[in-house]
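Enquirer: Each chain, written out:
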Amino acid sequence: DGGITQSPKYLFRKEGQNVTLSCEQNLNHDAMYWYRQDPGQGLRLIYYSQIVNDFQKGDIAEGYSVSREKKESFPLTVTSAQKNPTAFYLCASRSTGVGTEAFFGQGTRLTVV
Amino acid sequence: KQEVTQIPAALSVPEGENLVLNCSFTDSAIYNLQWFRQDPGKGLTSLLLIQSSQREQTSGRLNASLDKSSGRSTLYIAASQPGDSATYLCAVSLYGNKLVFGAGTILRVKS
Chain A
1 DGGITQSPKY LFRKEGQNVT LSCEQNLNHD AMYWYRQDPG QGLRLIYYSQ IVNDFQKGDI
61 AEGYSVSREK KESFPLTVTS AQKNPTAFYL CASRSTGVGT EAFFGQGTRL TVV
Chain B
1 KQEVTQIPAA LSVPEGENLV LNCSFTDSAI YNLQWFRQDP GKGLTSLLLI QSSQREQTSG
61 RLNASLDKSS GRSTLYIAAS QPGDSATYLC AVSLYGNKLV FGAGTILRVK S
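Protein sequence lines, in the order shown, are assigned to chains A and B. Residue 54 in the working numbering is what sits at position 54 of the first sequence, and the numbering runs on without skipping anything. Residue 33 in the working numbering is what sits at position 33 of the second sequence, and the numbering runs on without skipping anything.
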């Protein structure tokens, strides 16, 4: 089945620790995105990538890092510099070009312990 | 900066009622608008995609309209069912492939 797979579904981070969230897609999409969702709020863009080996900061990139070494994969690292990382993280992809539809993974819930 | 607002923030209706969810955006320079559904603890499921040149799209009991010049979209749900209970989000697609989301409307359909 074609789609976007995020793993793990739940992740626990200790203070001062870096953690990496996985996002893999087999839709052959060029563009991939990472969003953060907090309770009662909409999705806020962390990073996005329109092509392999290229990515841009979104609105809340501080404390996060990404890589795009393969078209299928766009991992997100939550670093110790992110002071409030507890949230629901969503990955999305879409074809580049005007007016294409975006598809989302099932999300990763990150909790600081 | 593009801002997307959804009204109401929450809505509770009896089963069978027709309802309208609203989405407004501040900059009309969009490529398309997409409506999503999100169940608790889950990812987003795409419901309807309206291109900037279109006025509306329909899928089953759902109908979405777009008035780009006034910066508004509505999602109409006919004959609501308890299974429609979820959060509904709208997002606009901007130049550079960015998607900007509203905060969502939490819908509860009571049986």
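Derived by calculation from the structure, the hints in this document are not laboratory data. Only a predicted model underlies this, so the values are computations on that prediction, with no experimental measurement involved. There could be a bad hint or two in this list.
[Unchecked claim] For each label pair, taking beta carbons as the anchor points, the in silico distance ranges come out as:
no. : chain 1 : residue 1 : chain 2 : residue 2 : range
1   : B       : G60       : A       : F12       : 24 to 34 Å
2   : A       : E15       : B       : N63       : 22 to 32 Å
3   : A       : F12       : B       : G96       : 32 to 42 Å
4   : B       : E15       : A       : S67       : 24 to 34 Å
5   : A       : S22       : B       : S46       : 14 to 24 Å
6   : B       : S70       : A       : V112      : 38 to 48 Å
[Claimed, not checked] Using 25 Å as the maximum straight-line C-alpha spacing, the simulated BS3-like pairs for lysine-lysine come out as follows:
no. : chain 1 : residue 1 : chain 2 : residue 2
7   : B       : K68       : B       : K1
8   : A       : K71       : A       : K14
9   : B       : K1        : A       : K57
10  : B       : K1        : B       : K110
11  : A       : K14       : A       : K83
12  : B       : K98       : A       : K71
13  : B       : K1        : B       : K98
14  : B       : K98       : A       : K14
15  : A       : K70       : B       : K98
16  : A       : K70       : A       : K9
17  : A       : K57       : A       : K83
18  : A       : K14       : A       : K70
19  : B       : K68       : A       : K9
20  : A       : K71       : A       : K57
21  : B       : K98       : B       : K68
22  : B       : K42       : B       : K98
23  : A       : K70       : A       : K57
24  : A       : K57       : B       : K110
Where a beta carbon is used, it is the ideal one built from N, C-alpha and C, also for glycine.
Enquirer: Given the hinted pair A/K71 and A/K57, is their alpha-carbon gap at most 25 Å?
Expert: Holds, at about 18 Å.
Enquirer: Measure nothing beyond the straight line between the CA atoms of A/K70 and A/K57; if it is 25 Å or shorter, mark the hint as holding.
Expert: holds, 18 Å
Enquirer: Verify the proposed pairing of A/K14 with A/K83, using a straight-line Cα cut of 25 Å.
Expert: Given that 25 Å is the threshold and the Cα spacing comes to 12 Å, the pair holds.
Enquirer: Taking only the CA atoms, is the gap from B/K1 to B/K110 under or equal to 25 Å?
Expert: Violated, at about 38 Å.
Enquirer: Quickly compare the C-alpha distance for A/K71 and A/K14 to 25 Å and report which way the hint goes.
Expert: violated, 31 Å
Enquirer: Next pair to validate is B/K1 with A/K57; report whether the Cα-Cα distance is within 25 Å.
Expert: Within the cut-off at roughly 15 Å; holds.
Enquirer: Please verify whether A/K57 and A/K83 have alpha carbons no more than 25 Å apart.
Expert: holds, 18 Å
Enquirer: Run the distance test for B/K98 versus A/K71: straight-line Cα separation, threshold 25 Å.
Expert: Between B/K98 and A/K71 the Cα gap is close to 18 Å, so the pair holds against 25 Å.
Enquirer: Need the status of pair A/K70, B/K98: alpha-carbon distance at most 25 Å?
Expert: holds, 20 Å
Enquirer: Taking the Cβ atom of A/F12 and the Cβ atom of B/G96, is their distance within the range 32 to 42 Å?
Expert: holds, 35 Å
Enquirer: Check whether the Cα positions of B/K1 and B/K98 lie no farther apart than 25 Å.
Expert: At roughly 12 Å apart (the allowed maximum being 25 Å), B/K98 and B/K1 satisfy the hint.
Enquirer: For a C-alpha distance cap of 25 Å, please report whether A/K14 and A/K70 respect it.
Expert: violated, 29 Å
Checked against the numbered hints given earlier, this structure breaks hints 1, 2, 4, 8, 10, 14, 18, 19, 24; the rest are met.
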